[in-house]
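S.K.: Residues per chain are reported as follows:
Number of protein chains: 2
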Amino acid sequence: MRARLFTPGPTQVPERVHVAMSNPIMHHRGSAFKQIYQEVTEDLRYFFQTIGDVLTFTSSGTGALEASVVNLLSKNDPVLTVAGGKFGQRLSQLCQNYGANTHTIEIPWGEAVDPDDIKTFLAKHPKTVAVFLAHSETSTGVAADLQTIAEIVRQNSEALLVVDAITSAGVLPFKMDEWGVDVAITGSQKGLMIPPGLAMVALNARAWERVEHSNMPKFYFDFKKEKAAQEKQTTAWTPAITLFVGLREALNMIREEGLERLWEKYALLAEATREGVRAMGLELFAKSPSDSLTAVKIPDRIDGLKFVQHLREKYGITVAGGQAHLKGKIFRIAHMGYYDSLDMVAMASALEMSLSDFAWEFEPGSGVYTVQTIFMKENASK
Amino acid sequence: MRARLFTPGPTQVPERVHVAMSNPIMHHRGSAFKQIYQEVTEDLRYFFQTIGDVLTFTSSGTGALEASVVNLLSKNDPVLTVAGGKFGQRLSQLCQNYGANTHTIEIPWGEAVDPDDIKTFLAKHPKTVAVFLAHSETSTGVAADLQTIAEIVRQNSEALLVVDAITSAGVLPFKMDEWGVDVAITGSQKGLMIPPGLAMVALNARAWERVEHSNMPKFYFDFKKEKAAQEKQTTAWTPAITLFVGLREALNMIREEGLERLWEKYALLAEATREGVRAMGLELFAKSPSDSLTAVKIPDRIDGLKFVQHLREKYGITVAGGQAHLKGKIFRIAHMGYYDSLDMVAMASALEMSLSDFAWEFEPGSGVYTVQTIFMKENASK
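Sequence lines, in order, name chains A and B. Counting from 4, one number per residue, gives the positions in the first sequence under my numbering. Counting from 4, one number per residue, gives the positions in the second sequence under my numbering.
Quick caveat, the hints were computed from the structure, so don't treat them as lab data. There's no promise every hint is true.
Any copy will do: because identical chains look the same in the list, a pair fits if it lies in one copy or spans two.
[As the list claims (entries may be wrong)] Below are the BS3-like pairs computed for lysine-lysine, each with C-alpha atoms no more than 25 Å apart in a straight line:
1) K221 <-> K332
2) K380 <-> K130
3) K221 <-> K78
4) K300 <-> K290
5) K89 <-> K37
6) K37 <-> K227
7) K332 <-> K37
8) K317 <-> K122
9) K332 <-> K380
10) K268 <-> K37
11) K235 <-> K89
12) K228 <-> K317
13) K227 <-> K78
14) K228 <-> K89
15) K127 <-> K385
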């Protein structure tokens, strides 16, 4: 079997991106790179649906999360974080680590935060300077109701809304300016479809005001240094040049398709995946599932680690297992990025064959049939 | 003309590395990546000539310099930095930025630090906890006498010696353990011959002791988190996977050739370049030149910015101009990485043709002849 990657980062890299990245390396202070950097920055505005700034760092998404904390906050600033998974927890750890006065709404893994809980918190803590939230929590496959939360934060406080959009930007509907999100962070290896190594921070004028007052030490991740360099069409430090070249090509693909069509596509792939695994007799883990990835409970009678390994070794399909206390309890299938309906049919087929190998009782073919039927209905409706 | 890159980072990427990086992307928590990560880490020990640890970060070299400061130091720690160029200055800025009690030996750009000045400083400031030094100062093309300095630091203090080896590791003789260097930093786009986006920190047991006492806040660049992940054959955060795959191939090439032979090769390419440009009637900028790159003064009667542009546009040769106050005054030719003697002959030829285009008076052919003669002598001696 050939290898097929369905992990929620890295996602599959399109052939066009591979070809672009295989070109001879260029110098990052020359006109060719400057042109690419400008185009990429402009397209990222479209990607985030903002007229604000977008800064791109050579780091993983975690680096950009840290960048947001150290550039937006000052020591002892009261902030709210929402932790319902590993990445929400990471936002809390980052805020605590840098000395913010950190309050956290803890929610059970697999559930979404109740927007009213944020409203109640803000009413009690009117001096909160920022709310940090993961839009799509990659560890649990849960999506937050970001549009509602943004409205609440905007109407009930002066706090900035800082969103980890690492597995949501370009995948779930995300309208930064229209919804009133102040800061959004993403990574290169998710909806942007290129290998990991770049991370982006989009921020508006309200966020820049906070940056002016921040007293936290920073250097590599300094927004103001990066913005000053961007005005000269380059980066503050030597960038991951090949990844920028790949990013330009990926953003071309995203422009060609159009964000609205991509959002619809991902919603469809997600629906088909969810209904397909249900038809195999499996349960979903997330109560408010994200259309970026589907987290599936592994039945008690199946060894979860062995199941994921078997799927990879026998059928070439790599999905992600669970993290932290969910290890061996769930697996996670990505459908964000370079995937289409037939990829999901192939994935469902491998899943069925693996389940059969583990003597799981279900009607073989039912999952694949369900997935295909959903695509057929969608095609018929066009 | 086809494009030829002679910038001191990024340097030319070998075809083998391009091919390796064009393979389908893999997941960074799977066994294939773990294997690559282990091999790369082991080979990097050889590369730095150390039995200590080597941690690899997804960032530019500057990120790894910052990592060294925030992991090794505590606030108000007395440190010594040496600034004789842009990168020495950056070390000073980083130490100051994070609140170290920073003393700096300023030296004129183009000159190397006198090791005795470090000895004198340490005698006066016995509580100095770390000395930060750029081995090969990329902005000026100057090499420091690292072996002598390391001996002085070791014999006259308890201070750690932290070396920016970004344009020296793998190029100039560099024996971390034998010489007594405690921490060494490099980037991926120099002697390691891959695109930018990875940066390495090698550190010994003495350095780890300091890490234990450091009270500076850190997260993305946390040595202890990275080391804990390495014990599980992976990285703390999502790594730039394709660059790791390229790095494995580049390190294979370095192993095949052997470090000693590479050091000899670079010394020869550097000597030929220096003698070649002298034969064209040009002067060298660096008084103690590094064998990684050659900085050449641009004669007053030639417009330096136009000359570099002309070399690139007419002959396809990209060299780097001067930085800061050296802008337009010098240009810098790299010979670290994937270059051989014939590359330097081609570069010398383009340089001669460009000089002629700018009506510079010299004997055309003299530079190319000199370069070739040095290679012929070397071949005859074998």
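S.K.: All hints are to be evaluated individually against the structure, with a verdict given for each.
M.R.: Evaluation of the provided hints:
| no. | hint | in the structure |
| --- | --- | --- |
| 1 | K221 <-> K332 | neither (39 Å within a copy, 32 Å between copies) |
| 2 | K380 <-> K130 | neither (50 Å within a copy, 75 Å between copies) |
| 3 | K221 <-> K78 | both (13 Å within a copy, 14 Å between copies) |
| 4 | K300 <-> K290 | within (12 Å within a copy, 67 Å between copies) |
| 5 | K89 <-> K37 | between (36 Å within a copy, 22 Å between copies) |
| 6 | K37 <-> K227 | within (19 Å within a copy, 36 Å between copies) |
| 7 | K332 <-> K37 | between (47 Å within a copy, 23 Å between copies) |
| 8 | K317 <-> K122 | neither (49 Å within a copy, 63 Å between copies) |
| 9 | K332 <-> K380 | neither (33 Å within a copy, 68 Å between copies) |
| 10 | K268 <-> K37 | neither (33 Å within a copy, 33 Å between copies) |
| 11 | K235 <-> K89 | between (37 Å within a copy, 19 Å between copies) |
| 12 | K228 <-> K317 | neither (49 Å within a copy, 34 Å between copies) |
| 13 | K227 <-> K78 | both (19 Å within a copy, 23 Å between copies) |
| 14 | K228 <-> K89 | between (30 Å within a copy, 16 Å between copies) |
| 15 | K127 <-> K385 | neither (49 Å within a copy, 81 Å between copies) |
When held up to the earlier numbered hints, the structure conflicts with 1, 2, 8, 9, 10, 12 and 15 and fits the remainder.
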